[in-house]
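Number of protein chains: 2
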Amino acid sequence: MQERDNRQMFAPLQNDTFLRACWRQPTDYTPVWLMRQAGRYLPEYRATRAQAGSFMGLATHPEWATEVTLQPLERYPLDAAILFSDILTVPDAMGLGLSFQQGEGPKFERPVRDEAAVSALAVPDMERLRYVFDAVTSIRHALNGRVPLIGFSGSPWTLACYMVEGGGSDDYRLVKSLMYSRPDLMHRILEVNADAVALYLNTQIEAGVQAVMVFDSWGGVLADGAFQAFSQAYIQRVLRQLKTEHDGQRIPRIVFTKGGGLWLEEMVNSGQPGHITPEVLGLDWTVNLGRARQRVADRVALQGNLDPNVLFAPPAQIEAEVLRVLESFGRFPPGGGAGHIFNLGHGISQHTPPESVVALVEAVHRESRRLRAQG
Amino acid sequence: MQERDNRQMFAPLQNDTFLRACWRQPTDYTPVWLMRQAGRYLPEYRATRAQAGSFMGLATHPEWATEVTLQPLERYPLDAAILFSDILTVPDAMGLGLSFQQGEGPKFERPVRDEAAVSALAVPDMERLRYVFDAVTSIRHALNGRVPLIGFSGSPWTLACYMVEGGGSDDYRLVKSLMYSRPDLMHRILEVNADAVALYLNTQIEAGVQAVMVFDSWGGVLADGAFQAFSQAYIQRVLRQLKTEHDGQRIPRIVFTKGGGLWLEEMVNSGQPGHITPEVLGLDWTVNLGRARQRVADRVALQGNLDPNVLFAPPAQIEAEVLRVLESFGRFPPGGGAGHIFNLGHGISQHTPPESVVALVEAVHRESRRLRAQG
Numbered sequence: 001m002q003e004r005d006n007r008q009m010f011a012p013l014q015n016d017t018f019l020r021a022c023w024r025q026p027t028d029y030t031p032v033w034l035m036r037q038a039g040r041y042l043p044e045y046r047a048t049r050a051q052a053g054s055f056m057g058l059a060t061h062p063e064w065a066t067e068v069t070l071q072p073l074e075r076y077p078l079d080a081a082i083l084f085s086d087i088l089t090v091p092d093a094m095g096l097g098l099s100f101q102q103g104e105g106p107k108f109e110r111p112v113r114d115e116a117a118v119s120a121l122a123v124p125d126m127e128r129l130r131y132v133f134d135a136v137t138s139i140r141h142a143l144n145g146r147v148p149l150i151g152f153s154g155s156p157w158t159l160a161c162y163m164v165e166g167g168g169s170d171d172y173r174l175v176k177s178l179m180y181s182r183p184d185l186m187h188r189i190l191e192v193n194a195d196a197v198a199l200y201l202n203t204q205i206e207a208g209v210q211a212v213m214v215f216d217s218w219g220g221v222l223a224d225g226a227f228q229a230f231s232q233a234y235i236q237r238v239l240r241q242l243k244t245e246h247d248g249q250r251i252p253r254i255v256f257t258k259g260g261g262l263w264l265e266e267m268v269n270s271g272q273p274g275h276i277t278p279e280v281l282g283l284d285w286t287v288n289l290g291r292a293r294q295r296v297a298d299r300v301a302l303q304g305n306l307d308p309n310v311l312f313a314p315p316a317q318i319e320a321e322v323l324r325v326l327e328s329f330g331r332f333p334p335g336g337g338a339g340h341i342f343n344l345g346h347g348i349s350q351h352t353p354p355e356s357v358v359a360l361v362e363a364v365h366r367e368s369r370r371l372r373a374q375g
Numbered sequence: 001m002q003e004r005d006n007r008q009m010f011a012p013l014q015n016d017t018f019l020r021a022c023w024r025q026p027t028d029y030t031p032v033w034l035m036r037q038a039g040r041y042l043p044e045y046r047a048t049r050a051q052a053g054s055f056m057g058l059a060t061h062p063e064w065a066t067e068v069t070l071q072p073l074e075r076y077p078l079d080a081a082i083l084f085s086d087i088l089t090v091p092d093a094m095g096l097g098l099s100f101q102q103g104e105g106p107k108f109e110r111p112v113r114d115e116a117a118v119s120a121l122a123v124p125d126m127e128r129l130r131y132v133f134d135a136v137t138s139i140r141h142a143l144n145g146r147v148p149l150i151g152f153s154g155s156p157w158t159l160a161c162y163m164v165e166g167g168g169s170d171d172y173r174l175v176k177s178l179m180y181s182r183p184d185l186m187h188r189i190l191e192v193n194a195d196a197v198a199l200y201l202n203t204q205i206e207a208g209v210q211a212v213m214v215f216d217s218w219g220g221v222l223a224d225g226a227f228q229a230f231s232q233a234y235i236q237r238v239l240r241q242l243k244t245e246h247d248g249q250r251i252p253r254i255v256f257t258k259g260g261g262l263w264l265e266e267m268v269n270s271g272q273p274g275h276i277t278p279e280v281l282g283l284d285w286t287v288n289l290g291r292a293r294q295r296v297a298d299r300v301a302l303q304g305n306l307d308p309n310v311l312f313a314p315p316a317q318i319e320a321e322v323l324r325v326l327e328s329f330g331r332f333p334p335g336g337g338a339g340h341i342f343n344l345g346h347g348i349s350q351h352t353p354p355e356s357v358v359a360l361v362e363a364v365h366r367e368s369r370r371l372r373a374q375g
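Protein chains in written order, with my numbering: chain A, 1 to 375; chain B, 1 to 375.
Among these hints, one or two may not hold up.
Note that the list lumps identical chains together, so a pair holds whenever it fits in one copy or between two copies.
[What the hints assert, rightly or not] Here are the computed lysine to aspartate or glutamate pairs in the DMTMM-like style, where the Cα-Cα straight-line distance is at most 25 angstroms: (1) Lys107 - Asp298; (2) Lys243 - Glu362; (3) Lys258 - Asp170; (4) Lys258 - Glu127; (5) Lys243 - Asp28; (6) Lys107 - Asp171; (7) Lys258 - Glu115; (8) Lys258 - Asp247; (9) Lys107 - Asp170; (10) Lys243 - Glu327; (11) Lys243 - Asp184; (12) Lys243 - Glu367; (13) Lys258 - Asp171; (14) Lys107 - Asp28; (15) Lys107 - Asp195; (16) Lys107 - Glu355; (17) Lys107 - Asp92; (18) Lys243 - Glu355; (19) Lys258 - Asp114.
It should be emphasised that the hints constitute simulated quantities derived from the structure, not laboratory data.
One chain only, chain A, in its complex shape:
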């Protein structure tokens, strides 16, 4: 009943360029959005956060999450919105005790480091994440059909990194020690995480997100072989469980393994029976888009991949680097079959001058139209 009500209540989509690019359909220009586009580089975000008192204060109150999600869209003609939230909401709902310490990043009070802690892990009750799904529905209403809304989750491996390390890490010593010493325990953590992530994303889809993205932020720290066994296999386990349609709309899936440029062929086809190819692969700035496109034979759309540090340069250099990324992707067959979504190769830096994003978005739209007109 809830679903039916939502469908009737959400306004029709006015700008479907992002979704068309996900499906490798022809578009008039290259759509653009930015990872962490609602964030600390915006003064209005900092003001709302000050009101909310904390990052999690923002994330857990749907009205604030809605406000900050829409802030970048008020400034820039971005082609998608992304839910304001954090990848660590899921392990927090598992009872690990998340906190954000001033200047230190996230910490878990009860990291998962022994057999007892692993055994106690379970897929959390989605009611504990109700604030996320309420935010999704609230944002969809507030967007009023301007652009599509992207939902997201961390990948099973990326969540496991935080759960075992108890926070960020330079060397991933604890999580990799567990992985190499007790692969059985690591597989058990990843199974629970994959099932939790799938349920979490499906519930976001029911609440109104129009595309989903899996952030495999730490997949790239794994050795060849370990990546396939401990990250990719569990992203596949997520994808196998995901709804691919909701309310008559297909839901494209974006997978982004930072530092995963060597494994693109396997992401498209691992050779395992039942492999699911996501619609879009996110790429960081180390990857040449044209070469990536050849390697995946245009079987997926590509998202990326400007170095966020380009945004510290003057507008002329930003435009030159945008053009370089657009040109590296290459031409679009007129009938479709290729897809590029412009983005950064990582989240936007908190130190970014907001006017740099004006230059970026303007250049992506203008130059991509011009390149398409050249054929």
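Start from chain A and add chain B according to the hints.
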């Protein structure tokens, strides 16, 4: 005169397996050494460092540098020694004021951030690095021909990262901002660095090192395109200036770009006129050795690439992971033409149990002999 004396004084080499592997000549087994093999994971290193008072105290006194360089060879039958030093000796000699702050890593008192600081940069007088060259000669004598001695330097780009950031960095914001905003200044820094690195390595060669390695530790943080222009081009500038022979011995060159697995073809042949292919490419653990070997068509030897975190697992798992790396490289043509030097994909962790290295070295030697016997 100094050179002639050295040649007469150094004992003949007893174990040339490492050098043969660099030249892709047949070997009975796969040679092994470890990045940072003389380091904090060894209690005897910690004892010597306590005597010396500091890391730079060790590095700047040839007798101590000699002692710690030889320590791992007393414990393990490693196939090469590497000069105990630091990549930041060169910018320190440029007058930037290096210090190592407790628990914080290296800091430069006078980072290079504006036009005036860039203009003031110059190739340092090698007399200021005499302690390094004295250490090289002292180590060669102490080794007494057991195994070859590897000299090293940071790459021009990697040194520039520290020089501009003033220390380590998470996001390379300052150095990349300079690179994107003022490429002219960045190129000037890199020119000076390349010429300094070449002179530094040549002077190490004259003092007695038998192979040289360029650590491009931060090349992998660059965007495609920027890597080629700001890191690879200046590594080439170093290679063009390097002595390739000394005292009748050829000096192999190892280049290791951490995170550079996507650019292997270009490292072997950039397509630029006069491109110099180093004898050996170092690889981190994200790269599959067998695939890398195909991509470079065995035109270089490969060095690597176990994840250092494997050394936190029990011996049986260490042996299994060693075997996986050896097998991923594949077979050796009996007449030569392929080369593999076993190493980690990064420096050994200070938390490594020293007995793990026993298991590692033993497994590399035993299993590689067995695999060669299988043909």
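**Report entry** Hints the structure fails to honour
**Finding:** 1, 2, 4, 5, 7, 8, 10, 11, 12, 14, 16, 18, 19
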